[in-house]
Each structure stands twice: as C-alpha cells, then as structure tokens.
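Produce the entire structure from the sequences given, and follow the hints as far as they go.
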Amino acid sequence: MQRAQISALGEGALAAAPQLIGIVPWGVVAGVAMVAAGLTQGQAVAMSLLVFAGSAQLAVLPLFIAKAPLWVMYATALVVNLRYVIYSAVLAPYFERLSRPWRALLSYIMVDGMFALFAGKFRPDDGRPHKHWYFLGGSLVMWTAWQIASCLGIFAGALIPREWSLEFAATLALIAVLIPLLFDRAVVCAALAAGAVALAAAKWPLNLGLLAAIAVGVAVGLAVSRLAPENARGEEGGG
Amino acid sequence: MSESWAAWALIVGMGLVAFFTRAVFILPGSHLKLPATAERVLRYAPAAAIMAIILPDLAFTQGALSISIANPKLVAGLVAFALAVATRSILLTIVGGMLALSAARLLA
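These protein sequence lines are chains F and Y, in that order.
1 is the number of the first residue of the first sequence in this note's numbering; add one for each residue after it.
240 is the number of the first residue of the second sequence in this note's numbering; add one for each residue after it.
Calculated directly from the structure, the hints in this document are not laboratory data.
Wrong hints could be hidden among the right ones.
[Said to hold, decoys possible] Straight-line C-alpha distance at most 30 Å; calculated DSSO-like pairs for lysine-lysine: (1) Y:K272 with F:K121; (2) Y:K272 with F:K203; (3) F:K131 with F:K121; (4) F:K67 with F:K203.
Written out as structure tokens, the structure reads:
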C-alpha cells in the first residue's frame, strides 16, 4: 500500500469513529435478539457475518419466532433493505473504475452511516483517486464494531435470565431506527397507515398482514406526496 | 432438525437479499438516476415495514389487542418513541424503554 492509500484509510476510520456510540448498543441488542429468537450461537454469528444488516435482522426475528414462511421473511428483509438500493444507485458512479472484487467488497460492507459521510464529502468525479480507501477505512471500523458488539450480545445474551424480556430491546432498537427514516409528512403518513393495517390484519395467515400493511403504507405515502408536495428532504440516518 | 434447516435457509437467503440490495447498481457499475417516484417508494417502504412490525408487537399481549395503559409493552413503547424523537440516541431509547417496561409491569 502507498502512503496516500493508508492516509485515506485512516481518515475514513477517524471520520466513522463517532458513530460507534450508536452502533455498539445496537449490535449488542441484535446479538441478544437473535439468540432469544431461538438461533444457535453459531447461526447467530453466521447471520451477523453474512447478512450484516441490523434493521433487517431485527425485523425478521419476530417472524422467525412466529414460524412465518421463509418467503415472507425474505420479502420483509428485502423491503427493510430497500433503502440500500438508493445508496447503491448513488454510489455506483464513485466506484465504477474499481475492479469487481473491490466493488463487491464495498457493496457488502456498506452501511447507512458511512454512505451519509461519504456522499457528503466526495463527488463522483472530483479527481481524488483514493476515496474508496476512505470508504473502506470507515466501513471497516463500523463493520468490526458491529461484529464485536453482536458477538457480545450473542454470547452474553445466553446468560441473561428470560424474565428480563431482553427480546423487547429489539423492538425498542427498531423504534430508534425508525425515527430518522421519518423525514417528511408523506413518510410519516406511510408509516402510520402501515401500522394501522398491521394491527387490523395481525391475525391474517402466513403473516400476510405485514405485506398488506407495507403495500397500503407505500400507497398512502405516495398519495400524500402527490396531494401535498413538500420540498423538505431530511438527511438519512440510523441503520 | 427441520428447525435448524429453516434457520440456515433464513440466514443464507437473507445474506443474498442484503448483498443484492447493496450491490444492485454498484457491482454492474451502472449509471442510473432513479426516478423520483421510485426513490419515494424505496424510502417509504422500509419505514412502513418497520412500523408494521413494531406496532403489533407493542399492542398485542397474549394474542389479544390491548390498547390501554395496563399494557406495559405499549406504555414502554410510547416512552421509547418519545425518547427516540427527543434524543435520536439508540442507547437512551433502549435503556429508557426497558426501564419503562419494568416500571409499567410493577405498577400494572
């Protein structure tokens, strides 16, 4: 590695460090929640490494406990992860000159916080050749912190008594993740409509009420954004 | 054994889903400006999904809808919502919510 690469790597790592305050407790909760949902410790570690998407993991666990069909759980994970499709579209021009393994690595390791930092700091064609090292440095810090925190939750979580209801902490973490996503009136309406349908359709078979709730929520959000257009675009946050 | 099969199918499938959503434009290196409506759908859907998971978990106790202050999870969830809005801190939201759950259970 050259000096400039190492310095970009370190610069990214430093920029990402303040976000660890949010990542660590969230990782611990995800670890605890996976074990509480009935995954073995090995399975929980594998999920943490392979999926590496906290909100999708936390969202799917209640469905796993309720023995929902696999395709419903896949669909839920897909929907919760859809925001990454936006990030992927935004970041693609930044990374288009990199090799395929690089692009695969940076895709796998991408998280909300690093996307926001990176897209705020660089332009795709600003002539700075080492920006992918910056992205990698920051992402590696977050990835490592998340994996360690998650393992802490997985192995310590098994020792915590059931009466503490620690699985409830997963729902609380989802609440904390949800708030930054509610960036304008239309998305608030989308979430409220989805919540109402989810309550009404909670007894539908195969957890189909959840998918109906998402569909209605998106439709309501689009309708509100059409009827009352708003320029406000909050920043992205959370996980 | 079937339980274990389901868990591994979930883990591997979710791993593929998570990688797909992140890599979908980066890996092929495509240049695409998402249409505004597509971007809206992609932003609204995750918020809708997360709310649709949270609310039933708070409002149902032992399989029955319970929208009342006698439902400790609902009380704790409302406290957590308030904390999340006020502090934007995951840590404070979780700690405050768990304390509220314990308090609400003692009082219920």
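Consistency of the hints with the structure:
1. Y:K272 with F:K121: 20 Å, holds
2. Y:K272 with F:K203: 40 Å, violated
3. F:K131 with F:K121: Holds, because 10 Å separates the two Cα atoms, which is no more than 30 Å.
4. F:K67 with F:K203: 14 Å, holds
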